[in-house]
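> Listed here are the chains, written in short residue letters.
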Amino acid sequence: MLAVKATGCARTELQKDPTVTTQDASHSQANSLTKMQTGLNVSSPEPMTTTRTVNRQTQGSPSDHLTFGHNVSVPGPDLTTQEFKQETKEHVSNATFVEYEILLPGVSGTSTEKNITLDRATRIELSCRLDNKYSHLKSLQVTWKWGNETLRHINKTENSWGIQLRIWDNSQLGSYSCTLKGEEEMHAVFHLQVPKIEGKEKPIVSYEGDTAVMICKSYGYTPTAWTWYMTNGSEQVAINDSLLADKYVINRVSANVTHLKILKLTKEDDGIYWCEAGFELGKSKGKLKLKVLSLMVPLKPFLAIVAEVIVLVTVVFLYEIYSKKKEKCAADEKEFDQIEQLKSEESNGLENSSTRHRKI
Amino acid sequence: MPPLANAGQAPGPPDGGWGWAVVCGAFVSIGFAYAFPKGLAIFFKEIQDFFGTSYSEVAWVSSIMLATTYGAGPISSILVNRYGSRPVVIFGGLLCGIGMVSAAFCTSILQLYICVGFITGFGLALNLQPSVIIIGKYFLKRRPIANGLAMAGSPVMLCTLAPLNQFLFDNFGWRGSFLILGAILLHCCVAGALFRPIGAPTPPVKPQVTGKGKDALKEEVTEDAMEMGSPTKVPMEDKVEEEGGKACCEKINQYLDFSLFKHRGFLIYLIGNVLMFLGFFAPIVFLAPYAKHIGIDEYSAAFLLSILAIVDMIARPTTGIIANSKWVRPQIQYFFSFSIAFNGTCHLLCPLASGYTGLVIYAIFFGLAFGMVCAMLFETLMDLVGAARFTSAVGLVTIAECCTILLGPPIGGTLIDTFGDYKYMFIKCGAVMVLAGTFLFIMNYYNYRMLAKEEKERKAKEENPKPVRTENEGRNSWNKETTRDGPELEPLSKEQEGLKEEVNGINEV
Numbered sequence: 001m002l003a004v005k006a007t008g009c010a011r012t013e014l015q016k017d018p019t020v021t022t023q024d025a026s027h028s029q030a031n032s033l034t035k036m037q038t039g040l041n042v043s044s045p046e047p048m049t050t051t052r053t054v055n056r057q058t059q060g061s062p063s064d065h066l067t068f069g070h071n072v073s074v075p076g077p078d079l080t081t082q083e084f085k086q087e088t089k090e091h092v093s094n095a096t097f098v099e100y101e102i103l104l105p106g107v108s109g110t111s112t113e114k115n116i117t118l119d120r121a122t123r124i125e126l127s128c129r130l131d132n133k134y135s136h137l138k139s140l141q142v143t144w145k146w147g148n149e150t151l152r153h154i155n156k157t158e159n160s161w162g163i164q165l166r167i168w169d170n171s172q173l174g175s176y177s178c179t180l181k182g183e184e185e186m187h188a189v190f191h192l193q194v195p196k197i198e199g200k201e202k203p204i205v206s207y208e209g210d211t212a213v214m215i216c217k218s219y220g221y222t223p224t225a226w227t228w229y230m231t232n233g234s235e236q237v238a239i240n241d242s243l244l245a246d247k248y249v250i251n252r253v254s255a256n257v258t259h260l261k262i263l264k265l266t267k268e269d270d271g272i273y274w275c276e277a278g279f280e281l282g283k284s285k286g287k288l289k290l291k292v293l294s295l296m297v298p299l300k301p302f303l304a305i306v307a308e309v310i311v312l313v314t315v316v317f318l319y320e321i322y323s324k325k326k327e328k329c330a331a332d333e334k335e336f337d338q339i340e341q342l343k344s345e346e347s348n349g350l351e352n353s354s355t356r357h358r359k360i
Numbered sequence: 001m002p003p004l005a006n007a008g009q010a011p012g013p014p015d016g017g018w019g020w021a022v023v024c025g026a027f028v029s030i031g032f033a034y035a036f037p038k039g040l041a042i043f044f045k046e047i048q049d050f051f052g053t054s055y056s057e058v059a060w061v062s063s064i065m066l067a068t069t070y071g072a073g074p075i076s077s078i079l080v081n082r083y084g085s086r087p088v089v090i091f092g093g094l095l096c097g098i099g100m101v102s103a104a105f106c107t108s109i110l111q112l113y114i115c116v117g118f119i120t121g122f123g124l125a126l127n128l129q130p131s132v133i134i135i136g137k138y139f140l141k142r143r144p145i146a147n148g149l150a151m152a153g154s155p156v157m158l159c160t161l162a163p164l165n166q167f168l169f170d171n172f173g174w175r176g177s178f179l180i181l182g183a184i185l186l187h188c189c190v191a192g193a194l195f196r197p198i199g200a201p202t203p204p205v206k207p208q209v210t211g212k213g214k215d216a217l218k219e220e221v222t223e224d225a226m227e228m229g230s231p232t233k234v235p236m237e238d239k240v241e242e243e244g245g246k247a248c249c250e251k252i253n254q255y256l257d258f259s260l261f262k263h264r265g266f267l268i269y270l271i272g273n274v275l276m277f278l279g280f281f282a283p284i285v286f287l288a289p290y291a292k293h294i295g296i297d298e299y300s301a302a303f304l305l306s307i308l309a310i311v312d313m314i315a316r317p318t319t320g321i322i323a324n325s326k327w328v329r330p331q332i333q334y335f336f337s338f339s340i341a342f343n344g345t346c347h348l349l350c351p352l353a354s355g356y357t358g359l360v361i362y363a364i365f366f367g368l369a370f371g372m373v374c375a376m377l378f379e380t381l382m383d384l385v386g387a388a389r390f391t392s393a394v395g396l397v398t399i400a401e402c403c404t405i406l407l408g409p410p411i412g413g414t415l416i417d418t419f420g421d422y423k424y425m426f427i428k429c430g431a432v433m434v435l436a437g438t439f440l441f442i443m444n445y446y447n448y449r450m451l452a453k454e455e456k457e458r459k460a461k462e463e464n465p466k467p468v469r470t471e472n473e474g475r476n477s478w479n480k481e482t483t484r485d486g487p488e489l490e491p492l493s494k495e496q497e498g499l500k501e502e503v504n505g506i507n508e509v
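Protein sequence lines correspond, in order, to chains A and B. First residue of the first sequence: 1, per UniProt numbering; consecutive thereafter. First residue of the second sequence: 1, per UniProt numbering; consecutive thereafter.
No lab work stands behind these hints, which were simulated from the structure alone. Hints may contain errors.
What the hints assert, rightly or not - With a Cα cut of at most 30 angstroms, we get these calculated DSBU-like pairs of lysine-lysine:
#: 1; chain 1: B; residue 1: K292; chain 2: A; residue 2: K267
#: 2; chain 1: B; residue 1: K292; chain 2: A; residue 2: K217
#: 3; chain 1: B; residue 1: K141; chain 2: A; residue 2: K196
#: 4; chain 1: A; residue 1: K287; chain 2: B; residue 2: K292
#: 5; chain 1: A; residue 1: K324; chain 2: B; residue 2: K141
#: 6; chain 1: A; residue 1: K285; chain 2: B; residue 2: K45
#: 7; chain 1: B; residue 1: K45; chain 2: A; residue 2: K283
#: 8; chain 1: A; residue 1: K287; chain 2: B; residue 2: K45
#: 9; chain 1: B; residue 1: K45; chain 2: A; residue 2: K300
#: 10; chain 1: B; residue 1: K45; chain 2: A; residue 2: K289
#: 11; chain 1: A; residue 1: K202; chain 2: B; residue 2: K292
#: 12; chain 1: B; residue 1: K292; chain 2: A; residue 2: K196
#: 13; chain 1: A; residue 1: K285; chain 2: B; residue 2: K292
#: 14; chain 1: B; residue 1: K141; chain 2: A; residue 2: K261
#: 15; chain 1: A; residue 1: K326; chain 2: B; residue 2: K459
#: 16; chain 1: B; residue 1: K45; chain 2: A; residue 2: K202
#: 17; chain 1: B; residue 1: K45; chain 2: A; residue 2: K200
#: 18; chain 1: B; residue 1: K292; chain 2: A; residue 2: K328
#: 19; chain 1: A; residue 1: K217; chain 2: A; residue 2: K181
#: 20; chain 1: B; residue 1: K45; chain 2: A; residue 2: K217
#: 21; chain 1: A; residue 1: K343; chain 2: A; residue 2: K324
#: 22; chain 1: A; residue 1: K200; chain 2: A; residue 2: K181
#: 23; chain 1: B; residue 1: K141; chain 2: A; residue 2: K325
#: 24; chain 1: B; residue 1: K45; chain 2: A; residue 2: K291
#: 25; chain 1: A; residue 1: K264; chain 2: B; residue 2: K141
#: 26; chain 1: A; residue 1: K247; chain 2: B; residue 2: K45
#: 27; chain 1: B; residue 1: K292; chain 2: A; residue 2: K200
#: 28; chain 1: A; residue 1: K334; chain 2: B; residue 2: K453
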């Protein structure tokens with residue numbers, strides 16, 4: 001298994017690393033490295049160095065070896081060079097530092113991917129690691145690429161290779177991949193992206209003349225700014241709440257949550273809205289749908305159900321009156337029969353007594 | 001035997017016929033009363049966002065509704081005593097409809113409290129009590145089955161309302177949904193229309209303790225003793241004057257029978273149930289959050305509640321049938337105590353359930369226990385106090401239960417917040433219910449013994465007035481199939497005893 005470990009610490013010593021086994025650094029690679037190096041001199045606005053441990057399972061690797069953040073001042077056990085140690089101490093600047101590692105399955109032709117979310121300038125180390133049991137695979141050529149550019153990497157241990165990057169701009173985001181070529185070919189890709197904002201899949205239903213409140217939340221990352229857009233035809237128009245204060249109210253309820261309140265709704269307000277969160281490294285949009293209905297829409301089922309209830313109640317009462325009438329008729333008939341019976345009994349009795357008299 | 005005497009006799013419950021239509025109506029009515037507050041939870045998130053309030057402020061809507069439904073019990077009882085079940089249920093249905101329709105036009109959360117909480121809650125209270133009462137009037141021999149079927153309305157309605165509410169919400173938003181739900185609640189009026197009045201109506205002025213039974217008795221006595229002329233009127237008049245003296249208390253008692261607080265069986269039931277409700281609803285409220293807490297995803301957690309509801313649906317009528325069998329019916333109080341204790345044991349064992357399978361098993365047993373308890377909730381009360389005083393009894397019981405029902409989930413919530421662990425809440429609920437079950441078991445054993453003693457004494461007294469015996473025996477044979485119904489007819493037979501003796505006394509003279 002190849003483990004890809006990512007640590008975020010840019011080094012100027014990259015070129016001097018003796019254990020590099022990649023293909024010769026091309027000119028473009030050197031250039032890209034220098035770019036990164038110059039990036040080092042720019043101090044990041046972040047406060048104290050923090051390490052983040054990321055426990056994420058990579059795709060396609062049955063036994064994932066999850067990774068561990070390292071403190072900048074204490075380089076991880078896999079980092080073997082003293083120079084690296086020194087470097088890290090020197091450049092303890094204020095960027096967030098993260099490591100990501102992918103364990104590659106030892107199967108040829110596979111590609112493993114990992115999504116990494118970054119919202120601010122970060123020093124990041126990405127590494128690919130091959131499990132010890134595959135160390136018998138010889139003559140492996142490791143290539144790290146960003147888009148079409150090949151990058152110089154470091155050989156951290158016998159079985160792991162990594163690159164260290166400093167991300168401070170949207171243009172540096174993208175897909176970084178490591179490829180192992182030998183008897184078998186293995187591939188791992190890291191996708192560096194800004195945090196995604198989720199809108200609402202289901203439309204928000206509201207009524208004409210009513211107010212609608214649309215909410216966008218960012219989970220885990222705090223955006224620097226929120227902007228709302230409405231779609232006019234095919235264009236996205238930013239909503240200016242200071243200009244149309246009696247129609248739109250934008251409220252940043254908390255750092256990660258924004259509310260858009262639309263007052264006095266009309267049919268024209270129906271459509272798609274976008275909430276955009278601005279991060280240091282870029283922007284991200286969430287989609288929301290607003291549906292504006294007229295009051296007639298729910299009124300129809302309402303009246304239908306009320307009519308049904310009235311019909312049912314009438315039916316029940318009519319049935320009751322009908323069955324009571326039936327009972328009454330039956331009762332009357334019964335009474336009539338009983339009276340007849342009594343009369344006949346009386347007449348019988350009289351006859352009997354008269355016969356008795358006669359007998360006596 | 002002259003037919004007139006029979007017409008004056010208190011008619012026995014039909015135990016069938018139109019009674020089954022009444023059960024259908026009660027099914028709908030009870031279903032709405034119990035399931036509606038729970039079903040509203042789907043709208044809360046949207047309402048919370050719309051009014052910009054916190055979740056707890058919105059949850060108050062449901063609490064106020066539940067509190068009003070239980071707290072307005074005595075008012076409901078008074079109205080039923082006065083006007084009968086049917087007008088009260090129809091009025092309740094209209095009130096629910098008006099409440100929800102006006103809620104659709106609310107502009108603040110306070111207005112929602114009033115419209116949804118108070119008005120609709122009150123309407124539901126006017127639905128719940130009369131439905132339960134009228135079952136007691138229509139059924140005697142098959143009453144547990146009728147109760148079980150009617151109470152099954154709650155889980156069925158919940159299962160129907162939950163997806164229906166979601167559908168309405170997706171298509172019409174919360175305002176439109178409230179409007180349509182108002183119309184749907186009007187079906188309670190249809191249920192009310194089915195509640196045909198039965199038995200002689202209670203005359204409004206004369207204070208009576210036993211209501212229609214006594215009335216029918218007076219008629220009978222006057223008809224039997226018609227030839228007697230004036231002598232019979234004397235004891236009657238004396239009684240009227242006597243009653244006029246305590247008119248005040250009697251009048252209140254006519255509307256709401258506070259003398260029930262002297263009734264042993266009623267007190268046992270009240271204490272046991274008030275205790276039980278402390279731990280009854282909290283587990284349902286916290287089952288889904290607990291499932292999510294131990295790592296189960298939202299849909300599976302919701303599915304647990306569905307399993308509970310389905311098992312509940314089946315358990316209620318089944319319990320009704322079992323409770324009606326000749327082995328259980330005489331000892332129905334024991335069966336009730338057993339089901340409460342069983343419910344408590346389930347909760348106590350819940351923390352041992354690990355993983356999703358464990359929770360599924362718990363949900364099944366919980367659903368079973370919950371259904372058993374609910375099916376017999378009102379049946380046991382009817383069994384203890386009798387159909388005549390049940391009207392007032394149910395009102396008094398619900399207002400007492402109201403407090404503990406409302407306290408249960410918040411206490412559970414506080415336990416969870418304090419200890420950060422759900423198991424203490426389950427242990428508390430389980431312990432409370434096992435305690436309640438044991439209490440009821442012991443006290444009912446005592447009660448049954450006392451009742452048997454009183455029955456013996458009564459039969460010993462009956463040795464004396466012989467001409468009356470044949471009629472008494474006739475009535476006794478009618479209720480011999482349900483021997484424990486002695487307490488129900490006790491007040492009836494005692495009154496009749498007193499009057500009969502007076503009449504016979506005059507006879508002998």
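> Does the alpha-carbon distance linking K334(A) and K453(B) stay inside the 30 angstroms limit?
Between K334(A) and K453(B) the Cα gap is close to 45 angstroms, so the pair fails against 30 angstroms, i.e. violated.
> Is K285(A) within 30 angstroms of K45(B), Cα to Cα?
Measuring from Cα to Cα gives roughly 23 angstroms; hence the hint holds.
> Taking only the CA atoms, is the gap from K45(B) to K200(A) under or equal to 30 angstroms?
Holds: K45(B) and K200(A) sit about 13 angstroms apart, inside 30 angstroms.
> Given the hint that K45(B) pairs with K217(A), test it: the Cα-Cα distance must not exceed 30 angstroms.
14 angstroms, holds
> Does K459(B) lie within 30 angstroms of K326(A) when you go C-alpha to C-alpha?
42 angstroms, violated
> Can you confirm whether the C-alpha distance between K141(B) and K325(A) stays at or below 30 angstroms?
Within the cut-off at roughly 28 angstroms; holds.
> Verify the proposed pairing of K45(B) with K291(A), using a straight-line Cα cut of 30 angstroms.
18 angstroms, holds
> Assess, step by step, whether the Cα of K292(B) is no farther than 30 angstroms from the Cα of K217(A), and give holds or violated.
Between K292(B) and K217(A) the Cα gap is close to 21 angstroms, so the pair holds against 30 angstroms.
> Just to be careful, I want the Cα atoms of K324(A) and K141(B) compared with a cutoff of 30 angstroms; is the pair within it?
Holds. K324(A) to K141(B) sits at ~25 angstroms (cutoff 30 angstroms).
> Verify the proposed pairing of K292(B) with K196(A), using a straight-line Cα cut of 30 angstroms.
24 angstroms, holds
> Would you mind confirming whether the straight-line C-alpha gap from K141(B) to K196(A) stays at or under 30 angstroms?
Status violated; Cα separation ~65 angstroms.
> Quick one, are K292(B) and K200(A) close enough, alpha carbons at most 30 angstroms?
22 angstroms, holds
When each numbered hint is compared with the structure, violations occur for hints 1, 3, 14, 15, 18, 19, 22, 25 and 28.
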